[in-house]
Every structure is written in structure tokens, then in C-alpha cells.
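**Student:** Mapping of the sequence shown onto the numbering used here: residues 96 to 499, in sequence order.
Hints are computed from structural coordinates only; laboratory data are not their basis.
One should not assume that every hint holds.
Straight-line C-alpha distance at most 35 Å; calculated DSBU-like pairs for lysine-lysine [stated by the list, open to error]:
#, residue 1, residue 2
1, Lys415, Lys445
2, Lys279, Lys415
3, Lys279, Lys156
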Amino acid sequence: MLEDPDLIRRILEDIFALGVAGEQELVATIYLTGTSRLLDRPLAAIVQGTSSSGKSFPIRKVAGVFPPETVLHATQMSPQALFYMEPGSLRHKFVVAGERSRLQRDEAAEATRALREMISEGCLDKRVSMKVAGTIRTIHLHQEGPIAYVESTTQTSIFAEDANRALLLQTDESSAQTRRVLRKVASTYGENIGGCEAENIITRHWAAQRMLRSYAVCIPYAERLAALFPDQRVEARRAVGHIMNMIAAVALLHQRQRETDPDGRLVATGEDFQIARRLLDHPMARLVGRRISNAALRFRDRLEGWASGGNFSTRDATQKENATDRSVRGWLGELHRAGYMELVAEPRGKEPAIWRLAPQGPSEHVSILPTVAELFPELPDSLSGSAHDLAMKDVAPEIDVSSG
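Produce the entire structure from the sequences given, and follow the hints as far as they go.
**Tutor:** In C-alpha cells, the structure reads:
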């Protein structure tokens with residue numbers, strides 16, 4: 096399996112056979128996040144989506160193909176839980192959390208402080224006062240990482256300190272994806288994958304993941320890639336680390352197909368960048384404020400249908416939308432921060448805020464990542480092409496869910 100040149104495609108076919116419909120980029124990114132646990136600096140991801148959008152299902156299915164000893168399921172986790180786990184139990188683990196708490200501001204900062212430290216530093220250190228044999232003593236708590244991490248949330252706005260450290264991924268909330276899900280659900284009542292085949296898929300992936308070795312990864316084009324990054328926003332400092340770590344994760348997954356340098360490091364290829372770029376193009380643009388969520392874009396399109404003529408209130412929008420008030424307010428805030436919406440009047444007491452669509456919003460198709468042709472100008476056009484135009488089928492083909 097690990098020597099298959101179409102490894103990403105094969106992984107997706109297996110995950111889809113286990114019941115996931117569509118969501119190719121999301122599934123591939125979560126799988127690579129889990130694989131990155133073997134790196135010195137693993138990836139962390141937060142999957143965003145509205146209620147009933149299917150955030151948890153692909154996470155659960157992807158986590159299920161990782162060996163049990165490599166995964167830590169933590170559907171509920173207290174702020175201090177990581178400190179008091181068995182020493183060494185987090186090292187190079189894939190931590191799969193549940194739904195993110197809806198705490199705001201200072202509460203959110205405190206609740207996720209230990210998690211941020213583990214993701215950023217790869218370890219935890221804390222000194223606490225404890226009563227030992229009748230005497231109060233200062234105890235040093237140390238927890239080794241690093242960890243790969245994924246969680247889900249319905250929040251459209253994530254606490255900034257957390258958002259900068261994680262990939263912000265989105266579920267596909269399009270009608271086409273809903274159709275795929277409906278077909279997949281229907282298929283479970285018709286011709287469906289047998290339990291034996293599902294068991295074989297899971298066993299195969301457990302074996303493959305257990306065969307993967309931990310490597311340092313050399314990215315020969317790292318300096319060239321960093322030089323092509325925009326530097327107008329400080330978030331780019333985090334973003335460049337995310338893309339480097341994703342390239343390393345892709346190379347690590349393909350380690351049976353990659354060479355090593357004299358120091359024993361895996362050498363990442365241009366193909367690794369191409370896959371990483373396809374998966375992270377939108378998340379990276381959102382991180383540095385160049386792009387908004389697909390759900391907010393569709394909301395804006397609907398606004399143009401009924402609110403393009405003038406002002407409207409938050410109440411008008413919530414009454415028009417077949418979505419929760421919290422989702423609508425989140426989309427309005429996201430559109431406003433990105434320059435698509437103008438705030439005419441602040442809310443006062445029971446009076447809602449007044450909005451209007453901006454005459455001309457920013458471009459929707461802005462990428463901060465260079466194309467393959469820009470990063471590798473020495474390659475012939477037939478090999479480089481444009482990563483922005485690279486269809487997912489070239490990396491991980493669309494699976495026709497109607498075929499069962």
C-alpha cells in the first residue's frame with residue numbers, strides 16, 4: 096500500500112468505502128494530520144461547520160483507520176487534563192477531540208492554554224503545590240509530546256491564539272455535497288460494503304501506519320517557498336510553518352517512495368508541495384485574512400438576491416435564513432471583517448445592527464501560496480502547471496458515490 100504511486104487516491108477510496116461521501120480535501124487533510132504525529136512538529140486542525148453539516152463523521156472515520164495505540168480520543172477534556180495524564184502517554188499521539196466548547200474570550204483562552212502549549216512547544220511544564228505526606232510541596236509536572244490534533248466546532252470565529260496554531264478546515268455545505276450524502280445514506284440500505292471488507296480496509300491501514308517510521312524531512316525548496324510568501328500580515332509567520340509541516344507530512348506518508356539525504360532525512364519532492372498546496376490553499380488564505388468561509392460566501396450570494404438595494408438589519412437576515420441565529424451573526428461578522436459588508440449602525444439595546452453590502456468586496460480567489468510553476472520555474476510547463484487549477488481528481492479523484 097505505501098508503495099502505491101496513487102496512495103492518496105487509495106486512501107480516499109478506502110475512507111469513502113467506509114461510509115464517507117465527498118469531502119475529499121477534508122478527509123485527506125485529516126488523514127495527513129494524523130500521520131504527522133510522527134513528525135517533530137505535527138499538524139493541528141479545527142474542522143468548522145454548521146450543525147448537521149457532518150463535521151464529526153469524517154473525523155471519526157479517518158481516526159478509525161489509525162491503530163488504536165496511536166490515537167487518543169478525548170471527546171471532553173478539562174483545561175488541566177493533559178498535565179495529569181500518564182507520563183509519555185501523549186508522545187507522538189493523534190489526539191481526536193470532540194466538539195469545541197462555546198466559551199468566549201478569557202474563558203476560552205484559559206480552557207485551551209495547555210493545548211496551545213503542547214501544540215506549539217511539543218511538551219508541557221507546570222509547577223503546582225500539592226500535599227505530600229502531610230507537607231505542602233511544589234511538584235513539577237512534565238508531559239512529553241508532540242501531538243497531532245483535530246477537533247470540530249460550529250463556531251465561525253475561533254479564539255485567535257488557537258486559530259493561529261491550527262489549520263481551519265471547513266465542511267462542504269453545498270447542495271451537491273448534500274446530494275452525495277443522501278446517496279451514500281441510501282446505499283447503506285441497498286448494496287453496501289460488507290463487514291468483512293470494512294474490517295480488511297481498517298486492518299490494512301493499521302498495518303500501513305504501524306510500518307511508517309519517524310523521520311526528519313528535508314524540503315530542498317523551503318527557502319524559495321518562504322521567499323514567495325506575502326509578508327504584509329504577521330499571520331504569514333504561522334502560515335509558512337503550516338505549509339512546511341504539511342509538505343513534511345505528505346513526504347512522510349510517501350516515505351517508501353522518497354529518497355533520503357546523507358543525514359538520513361527524507362527529501363520532499365515537488366509532488367509533495369503540489370498535494371500540500373491543493374489541500375491548504377483555502378485554509379492558508381483564510382488564516383492571513385485573504386478569504387472567507389464557503390458558507391459565508393453562499394450567505395453573501397443570498398444577500399445579493401434580497402438585500403442589494405439598501406440597508407437591512409441582523410433581524411432581517413436571521414428571519415430570511417434557514418439557519419441558526421448564531422450562524423447568521425457569525426457570517427455577518429466574517430463578511431464585515433473581510434470587507435464584504437458595511438456596518439451602518441451598531442446594535443443599541445433591543446435594536447439590531449444595521450448592515451449593507453459593500454459596493455465592491457475583495458477578490459474571492461486570492462491565494463497566498465505560489466503555484467507549482469512559480470516555485471519550480473525550471474520545470475517544463477507540462478510538469479509544473481498551475482496548482483491553483485489542479486483539480487482534486489489529479490491528486491485524489493472524486494469518488495462516484497452513486498456507484499455504491
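**Student:** Each of the hints needs a verdict: does it hold here or not?
**Tutor:** Outcome of the hint check:
1. Lys415 x Lys445: With a Cα-Cα distance of about 19 Å, the restraint between Lys415 and Lys445 holds, given a limit of 35 Å.
2. Lys279 x Lys415: holds, 30 Å
3. Lys279 x Lys156: Distance ~14 Å between Lys279 and Lys156 Cα, so the pair holds.
Hint compliance for this structure: every hint is met.
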